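Whenever a hint applies, use it, and build me the whole structure from the sequences.
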Amino acid sequence: MPPTPVDDHTEEFEQLAGLQALGILEGEELERFEQHAAQCARCRLMVQLDAEALALAAPEMDPSPDFKARLMQRAEQELRVQPKIVPFRRRTPWQSLIAAVLVLGIVGAGGYAYENQVVASYALSGSVSGSAVVQVRRSGAAELQMSGVPNPPSGFLYEAWVIPPGAAPIAAGTTPQGNATLSLDRVTGGATVAITQERTRVDAPTSPPILAAVVQG
Amino acid sequence: MTTADSPKLADLEELYDAHHRQAIGLAYRILGDLGDAEEVVQEVFLSAWRTGHQYDPSRGSGRAWILSMVRNRSIDVLRARRRRPVQQLAEGVDPPDSADVPSQAASNVDAAAARDALNALPPEQKRVIELAYFSGLSHTEIASQLETPIGTVKGRIRLGLDRLRVAMGVPQDALSAS
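Each protein sequence line maps, in turn, to chains A and B.
So in numbering that gives the first Met the number 0, spot 151 of the first sequence is number 150, and the numbers just go up one at a time.
So in numbering that gives the first Met the number 0, spot 112 of the second sequence is number 111, and the numbers just go up one at a time.
Keep in mind the hints are simulated off the structure, nothing from the lab.
Any given hint could be a false lead.
[What the hints assert, rightly or not] Covered stretches of chain B, as calculated for chain A (at least 3 residues, CB under 8 Å):
#1 20-27
#2 34-42
#3 119-133
#4 160-166
[Unchecked claim] Covered stretches of chain A, going by a simulated chain B footprint (3 or more residues, C-beta under 8 Å):
#5 48-55
#6 62-72
#7 130-139
#8 202-212
All figures in this text were calculated on a predicted structure; none of them were measured in a lab.
Beta carbons are placed, not taken as given, at the ideal position from N, Cα and C, and that holds for glycine.
This is the structure:
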């Protein structure tokens with residue numbers, strides 16, 4: 000079935016779709032287009048088709064002879080990574096109590112600071128601008144910090160996912176803004192942290208990730 | 000790509016075989032350096048492989064998604080070279096595919112036709128479109144680089160995009176065929 004334009008669809012929006020595909024839409028025009036496109040399948044398709052046509056205008060090219068081998072080797076290495084469970088919240092209450100007593104009684108506030116030290120950061124990469132970083136603390140707690148990521152179009156939100164190796168994505172929180180911090184649990188070594196754009200909170204992603212990174216063990 | 004429960008090397012190989020020449024070509028066209036282009040493309044393929052297998056391919060064109068990531072990541076690298084803030088990339092956002100977007104139309108976009116269409120543009124229109132898409136410049140930056148009024152730049156871009164669409168038959172064919 001052909002995509003049906005929404006009521007306010009005009010030729011101007013089709014021009015804006017082209018500018019969006021070029022990556023030069025900004026300010027009020029960008030905001031207006033995104034609000035319209037969130038409801039207009041025709042405009043979203045035009046952005047996709049224009050962007051694809053522009054990308055394909057670049058001449059095809061062969062990589063270095065060993066490029067594929069290097070790529071596959073790196074993928075094999077990632078598959079060999081064994082998951083390491085690090086979730087703070089998965090500890091039993093008894094273990095947590097002991098940990099708390101140790102921290103409070105022996106180390107005190109200094110221990111708390113020690114546990115909260117960031118021991119690893121992983122930058123997400125993908126199809127949008129801005130910064131999204133997974134920070135893993137010594138305690139095993141992790142959080143996803145998004146900064147400068149464009150807000151999702153009206154009617155959409157961002158949903159974070161933790162995808163353990165070989166397992167289905169686990170919903171890890173939503174935000175309506177591109178600047179946000181989400182606490183993550185169940186982050187294991189080798190897991191992928193990803194962000195998708197959804198119309199509402201869902202239990203399984205319905206669109207490709209816009210940003211993703213693998214958290215190493 | 001398949002919809003298996005976990006990433007498999009065969010999935011990556013399938014992805015690579017289908018799109019690597021276009022991905023490398025696009026990254027090289029933007030960056031002008033094969034080493035940098037390969038680095039970008041490697042990260043994009045791995046990222047798509049890690050997560051793409053979780054999604055239904057029928058929801059969108061995998062090629063459009065891959066090339067969108069290659070373009071944006073390449074522009075990131077290009078802008079880092081210029082020592083400009085990455086935050087300015089907000090203008091380069093490509094919306095992800097949605098379930099209600101007919102993706103088969105997108106997969107019909109022909110590479111040779113796209114190149115012919117761009118090369119057939121009047122030089123001044125081709126130039127502004129290339130500066131926007133392959134160099135990641137804004138209207139203002141293009142106007143400054145070409146020492147041309149910004150209104151003229153905007154006009155050339157819109158005319159060029161209109162011609163591209165006509166040459167590609169994008170709105171009529173793709174939308175009506177979906």
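Closer than 8 Å Cβ to Cβ for three or more residues is the test here. Does the region 20-27 of chain B pass it with chain A? Check passed, 6 qualifying residues.
Between the region 34-42 of chain B and chain A, are there enough contacts, at least three residues with CB-CB distance under 8 Å, for the coverage claim to hold? holds (count 5)
Apply the coverage criterion to the region 119-133 of chain B and chain A: a residue qualifies when its Cβ sits closer than 8 Å to a Cβ of the chain, and three qualifying residues are needed. Since 4 is at least three, the answer is holds.
Counting residues of the region 130-139 of chain A whose CB is closer than 8 Å to a CB in chain B, do you get three or more? violated (count 1)
Test coverage of the region 160-166 of chain B by chain A using CB-CB distances below 8 Å; three residues minimum. Holds: 4 residues of the region 160-166 of chain B have a Cβ under 8 Å from chain A.
Quick check: do three or more residues in the region 62-72 of chain A have a beta carbon closer than 8 Å to a beta carbon of chain B? Check passed, 7 qualifying residues.
Taking 8 Å as the Cβ threshold, is the statement that the region 48-55 of chain A is covered by chain B upheld or broken by the three-residue rule? Coverage by chain B holds here, the residue count being 8 at a Cβ distance below 8 Å.
Does the region 202-212 of chain A contain three or more residues whose Cβ lies closer than 8 Å to a Cβ of chain B? Since three or more residues must qualify, the claim that chain B covers the region 202-212 of chain A holds, with 8 doing so at under 8 Å.
Consistency with the previously given hints fails for number 7 only.
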